[in-house]
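Visitor: Letter by letter, the chains look like this.
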Amino acid sequence: MIRKTDVINRRMFIVGAAKLVILAGIIGRLFSLQINNNKKYLTLSDKNRIREWKLPAKRGNIVDYFGNIIAGNLKVYQLHIIPEQVENFNYLISRLKTLLKLSDGKIEKIIKLKKKLKPWDSIIVSENLSWSQFLKVNNYLYDLVGAKPVMTITRNYPFNDIYTHILGYVSQPNEKDILQNKIIKDRFVPGMKVGKLGLEKTLENYLIGTNDIQRYEVNAYGKRINQLEYQKGNQGSKIRITVDTEVQKLCAKLLANKAGSISVMDIYTGEVLAMYSSPSYNPNLFLFGISNDAWQLIRNNPLKPLVNKTLSGLYSPGSTIKPIVALSALENNVINTNFTVKCTGKIEFYGQTFHCWKEKGHGFVSLNNAMKQSCDTYFYEIARLLGVDRLKITAEKFGLGKKVLGEYFDNEKQGLFPNTKWKKNKLGKSWVLGETLITGIGQGYTQTTPLQLCLMTAQIANGGYSINPKIIVNNDPLTLEQAKIKMLEQNLNNSDKKLFKNQKNIKIVQEAMFSSTNEVYGTSYRSRIDDPKYQFAGKTGTAQVKRISKRERELDLKIDQIPYKDRDHALYIAYGPYKKPRYALSIIVEHGGSGSKAAAPMAKELFKLIIDRKELREKQSSYEKIDI
Amino acid sequence: MFQDNRLNSELTFFQKVKKLDYILLILIIFLSAISVFVMYSTDGGQVLYHTKSHFFKLLTFFPLMLVISFSNIKIWHIISYFVYFIIILLLIWVSIDGIKVSGSQRWIDLYFIVLQPSELMKIGVILCLAKFYHRLKIEDVNSFVSIMVALAIIIVPIILVLSQPDLGTSILIASSGLIILWLGGVRIKYFVISSVAFLISLPFIISFLKPYQKLRILTFLDPDRDPLGAGYQIIQSKIAIGSGGLGGKGFLKGTQSYLDFLPEKHTDFIFTLFSEEFGFLGSVGLLIIYSLIIIRIIIIGTISKSNFAKLFCFGFAFAIFIYIVVNLSMVLGLLPIVGSPLPIMSYGGSSMLATMIGFGIVMSAKINHKQMIA
Chain F
1 MIRKTDVINR
11 RMFIVGAAKL
21 VILAGIIGRL
31 FSLQINNNKK
41 YLTLSDKNRI
51 REWKLPAKRG
61 NIVDYFGNII
71 AGNLKVYQLH
81 IIPEQVENFN
91 YLISRLKTLL
101 KLSDGKIEKI
111 IKLKKKLKPW
121 DSIIVSENLS
131 WSQFLKVNNY
141 LYDLVGAKPV
151 MTITRNYPFN
161 DIYTHILGYV
171 SQPNEKDILQ
181 NKIIKDRFVP
191 GMKVGKLGLE
201 KTLENYLIGT
211 NDIQRYEVNA
221 YGKRINQLEY
231 QKGNQGSKIR
241 ITVDTEVQKL
251 CAKLLANKAG
261 SISVMDIYTG
271 EVLAMYSSPS
281 YNPNLFLFGI
291 SNDAWQLIRN
301 NPLKPLVNKT
311 LSGLYSPGST
321 IKPIVALSAL
331 ENNVINTNFT
341 VKCTGKIEFY
351 GQTFHCWKEK
361 GHGFVSLNNA
371 MKQSCDTYFY
381 EIARLLGVDR
391 LKITAEKFGL
401 GKKVLGEYFD
411 NEKQGLFPNT
421 KWKKNKLGKS
431 WVLGETLITG
441 IGQGYTQTTP
451 LQLCLMTAQI
461 ANGGYSINPK
471 IIVNNDPLTL
481 EQAKIKMLEQ
491 NLNNSDKKLF
501 KNQKNIKIVQ
511 EAMFSSTNEV
521 YGTSYRSRID
531 DPKYQFAGKT
541 GTAQVKRISK
551 RERELDLKID
561 QIPYKDRDHA
571 LYIAYGPYKK
581 PRYALSIIVE
591 HGGSGSKAAA
601 PMAKELFKLI
611 IDRKELREKQ
621 SSYEKIDI
Chain V
1001 MFQDNRLNSE
1011 LTFFQKVKKL
1021 DYILLILIIF
1031 LSAISVFVMY
1041 STDGGQVLYH
1051 TKSHFFKLLT
1061 FFPLMLVISF
1071 SNIKIWHIIS
1081 YFVYFIIILL
1091 LIWVSIDGIK
1101 VSGSQRWIDL
1111 YFIVLQPSEL
1121 MKIGVILCLA
1131 KFYHRLKIED
1141 VNSFVSIMVA
1151 LAIIIVPIIL
1161 VLSQPDLGTS
1171 ILIASSGLII
1181 LWLGGVRIKY
1191 FVISSVAFLI
1201 SLPFIISFLK
1211 PYQKLRILTF
1221 LDPDRDPLGA
1231 GYQIIQSKIA
1241 IGSGGLGGKG
1251 FLKGTQSYLD
1261 FLPEKHTDFI
1271 FTLFSEEFGF
1281 LGSVGLLIIY
1291 SLIIIRIIII
1301 GTISKSNFAK
1311 LFCFGFAFAI
1321 FIYIVVNLSM
1331 VLGLLPIVGS
1341 PLPIMSYGGS
1351 SMLATMIGFG
1361 IVMSAKINHK
1371 QMIA
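Protein chains in written order, with the working numbering: chain F, 1 to 628; chain V, 1001 to 1374.
When the alpha-carbon atoms are kept at most 16 Å apart in a straight line, the in silico EDC-like pairs for lysine to aspartate or glutamate are as follows:
| # | chain 1 | residue 1 | chain 2 | residue 2 |
| --- | --- | --- | --- | --- |
| 1 | F | 579 | F | 530 |
| 2 | F | 358 | F | 556 |
| 3 | F | 546 | F | 566 |
| 4 | V | 1305 | F | 6 |
| 5 | F | 342 | F | 359 |
| 6 | V | 1238 | F | 46 |
| 7 | V | 1253 | F | 46 |
| 8 | F | 4 | V | 1140 |
| 9 | F | 193 | F | 177 |
| 10 | F | 223 | F | 52 |
| 11 | F | 193 | F | 175 |
| 12 | F | 196 | F | 410 |
| 13 | F | 47 | V | 1260 |
| 14 | F | 421 | F | 396 |
| 15 | V | 1137 | F | 6 |
| 16 | V | 1253 | F | 217 |
| 17 | F | 4 | V | 1139 |
| 18 | F | 223 | V | 1260 |
| 19 | F | 253 | F | 605 |
These are computed hints drawn from the structure, not numbers from a lab. Given the structure is predicted, the values throughout are model-derived calculations rather than measurements.
Sequences are here, hints too, so could you generate the full structure?
Guide: Put into structure tokens, the structure is as follows:
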């Protein structure tokens, strides 16, 4: 007889054993999760709870050659609203509206933003409060629950419009900026500014800096609970450029209210001392989004402030090409210094009349004289004898038709120097001899940028050696001595880098340019400086922007009688001091009339300043650690 | 009242107090104390609603347990069917006029308490079947009629609970019931056959499941298929437990729960929080307390003279074991997510009430362990 109690007890025993096994299984699982995989789950748990907030990185400063900050960072006061701390949103907004005089559009934007963001994300009400506004907000803070005055940094250009065309400006990145640059993408934070133009854009990756990082513990909804760590980022690299602010300022002064460009270059080291395009605009306007009115004012200005004329302005070089034409003719033994041409004011060629600028003619002129007085007839003749193809070779050697600063400026144009082949390929037509003639006086198809003319002048001035123009001071500096040694090496070993066949020819051209400035009847005689310390040699140019009709020629109008748009561009290239050349420059005044009247006088003031500052400049190290 | 006097005539009050099972009592008090501290942690280290409410429930139900302890085990034998019947009526009431919360209709409002009768049924079914097998002759245990009756006792409440719907509680009621069948001596063969049949019909059963229940099973099989949706709970729970490590993150320092990554931390996932803060050692410690409670109940069952008390104690011990296993397996990712609280630890009045009544009956069995029931 089986007893019920026994059955129950026996069965309980079986159950008990099963329980032990199951319990062991559960403890095994606990062990596996908590002991074996503890690291894995700890990491996952930290990933859950720790979130990083990136703050905008501090951009590197850009300084001029003397270390003056030309693009820096400025403390600004902003006003943020943190919606979850706001008691009465409508009241706060209406208070702020009267306090800061916010526009209705701005209010709408804030309300839209509030709907989009999480309640703990702050809304930037004002990016840049004036000091008085900041004080006002602080005074009424008790009444503005949820509003938070914040101090932050922003880009600042202390010289306003002086450097705009070199530096560009920064603004909020658009989608394209982010997609095209991985570094921007990685370091993107709302409110960050990236370079939009100029060096700010091309050197973005050097300037950008690394973000400050705040690590917060967050809850499951992403709300920050407490700050765990604050990791300071690094400011972007400092960039030092070769430009001298004082020279740059003078350029701006000289070109005030004019459209044009001035470039100054060291003829040995290739350092750009100044590069100014006029008119300019204030890059600080773009920091917080430019107002439409200000933007329209810039955009619609007939003098085109948005165009960087130094690099993207394409001009006929006019008579400033003549040193190259003369050199090419000498180099190709087409002429010698004794070669003369009789100028009667015009020559007939295949039934077409080619005029010299001097209606009465210059009479018999040799090279030196022709250059001095800028006799067009002489250059028609030697261009004819030389031919455009040989001329192009010389012109290209001296840097025409090529970018000067390379990839530093997206907007740099390469210009054009034509030859017969080019015309055949591009226009499908044969070269006409008349075109050679006008190419010889810098008209026709030739298009140069002001910086190209400056480089060309520099390479004539240094005795005919190629130099590498530079605008950034880097870890590969060239002292004057090193530069000269390099040139000597070019002369001896690297004949392909040497720009001349016979150095005497360069000398002849230099002397002709000297005459043009320093001898009576020279086109820029009135702008000369007699003091040998400052004495310079140069060549004027006057580039026609439209064909002069016969009637106009007969009328011989004064400059202010011609409509602005039809006036000639005034050009001037020069180098100095003549005895010991060091600097070359090019000046272009759009629609300024004649080169000798509008452009050459500026050179006089420029050389005075540049040469006075030479010693100061030489005291500065031309070395920076940065590898660009 | 006269019944009371008659049944308790053998022992005086002081004798009863002396015979109380102090080991079990201390273990229960200890577990209750832990549960209050853990609840305090779920409230983020503040005495907030859940902590207060849990504490007051303990204050109410613990004395109730003592009162039941002092009652004679015979009373429970007498009223077993009646209790079962009352709970069935309450379940019917739920299905007619229950409180609906997020799709499930599980509660009735009794004004002084919002009751979940299915929780009480976990005890009710044990009581009912214990009496049934107590009275059944050993020869009749495997007769067709008696097995059918026993199954009917289990299936009727299950149908009512499943319709709420509440799969978790249904499973717990079923296993509490089946264990009595097992202890009562139903042939092992039947258990084997029905297990095989169950496994074969499992696909059909699954096809009857509600979509959310199917989703839970799929999620259990692969929690990563929807980590922010259905799999979220189990993934976060595993992270919390796993990150606890050997010694835990420390009391009130469980980041997963403190930062709200842990869902249902007051109720079904309370062990997760405990395990995150007290680690492997703490978790094993908690399991030891539970094991000691279960062992103690089994011992009480063993020394009980009456089969009713035996069956109830063994059944209840197994039930507690099953609650713990199902809850822990769920939070450890070993079983699909089915709502099942951890006895005493989890927040929830009905569950605690049922567990305390169970403890009370066990205590009563201890006090009256020499009592024979006819």
